[in-house]
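Undergrad: Each chain, written out:
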Amino acid sequence: MHVLIKGAGVAGLTAAHALVGRGAAVMVAERTHGFANAASWYAGGMLAPWCERESAEETVLIRGTAAAGWWEAALPAGSVHRNGTLVVAPLRDAAELRRFASRTSGYRWIGAEEIGALEPALAGRFREALFFPEEAHLDPRRALSALRQGLEAQGVVFSGGAIEEDRFDLTIDCTGAARIGEIKALRGVRGEMLYLQTDEVSLSRPVRLLHPRIPLYIVPRGGGLFMCGATMIESDDAGAITARSLMELLNAAYTLHPAFAEARLVETGTGVRPAFGDNLPRVTRQNNTITVNGLYRHGFLLSPAIAEEVAALALGAELKRGNAR
Amino acid sequence: MPQFYGTELRSRLLLGTARYPSPAILAEAVRRSGTDIVTVSLRRETAGGRQRGAFFELIRELGVRVLPNTAGCHSVSEAVLTAKMAREVFSTDWIKLEVIGHHDTLQPDVFGLVEAARILTGEGFDVFPYTTDDLVVAERLLGAGCNVLMPWCAPIGSAMGPQNLPGLRAMRAEFPDVPLIVDAGIGRPSHAATVMEFGYDAVLLNTAVAGAADPAAMAAAFAAAIEAGHMAYHAGMLEPRDMAVPSTPVIGKAVFS
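Protein sequences appear in the order of chains G and B. Per my numbering, the first sequence starts with residue 1, numbered consecutively. Per my numbering, the second sequence starts with residue 1001, numbered consecutively.
Just so you know, these hints were derived from the structure itself, not from any lab. Misleading hints may appear alongside valid ones.
As the list claims (entries may be wrong) - Pairwise CB distance ranges (calculated): (1) Glu182(G) to His1234(B): 32 to 38 Å; (2) Thr1092(B) to Ala243(G): 25 to 31 Å; (3) Arg141(G) to Asn1164(B): 51 to 57 Å; (4) Gly1006(B) to Ala112(G): 57 to 63 Å; (5) Arg82(G) to Ala1217(B): 31 to 37 Å; (6) His1103(B) to Ala112(G): 27 to 33 Å; (7) Thr59(G) to Gly1006(B): 43 to 49 Å; (8) Pro120(G) to Glu1088(B): 49 to 55 Å; (9) Tyr1005(B) to Gly223(G): 55 to 61 Å.
Claimed, not checked - Residues of chain G placed beyond 10 Å of chain B at every Cβ, according to the derived structure: (10) Arg22; (11) Ile62; (12) Pro76; (13) Ser105; (14) Glu113; (15) Glu114; (16) Ala121; (17) Val157; (18) Gly222; (19) Ala252; (20) Gly269; (21) Val283.
Stated by the list, open to error - Restricting the straight-line Cα-Cα distance to at most 20 Å, the calculated cross-link-like pairs of lysine to aspartate or glutamate (DMTMM-like) are: (22) Lys1084(B) to Glu1115(B); (23) Lys184(G) to Asp278(G); (24) Lys1084(B) to Glu1057(B); (25) Lys184(G) to Glu1061(B); (26) Lys184(G) to Glu1057(B).
Note that beta-carbon positions come from the ideal geometry of N, C-alpha and C, so glycine has one too.
The task is simple: from the sequences and hints, build the whole structure.
TA: Here it is in structure tokens:
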């Protein structure tokens, strides 16, 4: 079976991986070379279904729990870090921590001593925290690059040129936010993020800092690099980060640890997350095209489950066609 | 039913549209609340993009009246500019005027508020000012051309409920004919019922609904509490007494005291 996948972000690459694994011949069409247009390039890479349940539907938790295992199987050893998530709040926002706890599961309350044991850099800074031991994280940029290299090694061609779609049995549209305005009710949710570089702070797992208005997470990327994100703004504007957002993200990082004030701000970025009204992804089929979209802020968390769903749908289609013959 | 700037409304609940888990849940909360006014922040959601205003389109599709707000504006000029943009985007003269005096607590800058209100009413806006429970500020806002007042009952998003009960009662007594909407600080339906029992005309909510585990159910709970408080105000409530008063006569029984 010959499958054309449009889009080389996390949705496209995971679908390609699932299909190649089932023996399909896959070509990936990309609008531009590289990942800079993909929302997933700016992702946090947190595989945190229990934390996400704070605002996401139950299905995100159910479908997201297998994500870490999927990524471990798909990526080189050591790419996925299974050491949990730490959720903290400044003392005066302690109520936010209790609210977060009441909306989620899969955590345990820990005190100052255990916070210091898990993350020595945060010792003495917070009295209590929620620890989600089952959660994991990965570096989205390394993951995308590794997935792509693996696919290329298996003979998958990436093409930026014109492609005759008729040559393929099936097209899978994974172009995400590029379809805003074309797919009904698909909208963009702007997310701004930044990278900080410092040797003065060391973290080993994602830390979420709760705040009534400006919740933030910091994910360590290793080598003194920290990804700090992300805003949620109802807009599909992919333009540069605003001064206000930058200030809020930096303030939050500073609240987590004052040494971030001395960090180098090495990158800022903006991604547009494609989302439907319920913020849940959709897989739809029309003739020989399957469309995947609306992964919202759950690209790395939900694309494994979606990719398997797409692969099953695609190969199920082949079976039917085979029967007809 | 309450009238704001000559428009009669069916509901005494005004609902904010920020920070819901999803637009679908926001739409359901609006439906269950029975509200016919939602407020929208212009400041936060106006970045460019190809589908400029996709979120506003979503708001319009809710089919209720929109009260745009100037949330996040820290100066008079910023608030005035945002109000003008809001008039363009939503084709309405209504504006919920916020001039924030403190970045962290979001306490209103009442001096800037009065100034901005004067400018905007001069340009034909119907201004709904987010203010404190200070009577002198309220007086100035009315003097600046506002015909509605929106006092807080506690800081925005604090969920503390009415902090200054005598102050809120005094405001109602001082301005019996001005529509009064409690704008911020409500956390629970009982808080909303309390201010409605004081005779307030309406309540504006956002975080208390958007941040609930089930926002749509909480919207319905608030709608019921607001209606109950309003009905109770007109039904005439008992005043508390210092001792028990039996509800059946004691004549005919042996009374030893």
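Undergrad: Identify every previously stated hint that the structure contradicts and give their numbers, smallest first.
TA: Structure breaks hint 1 only.
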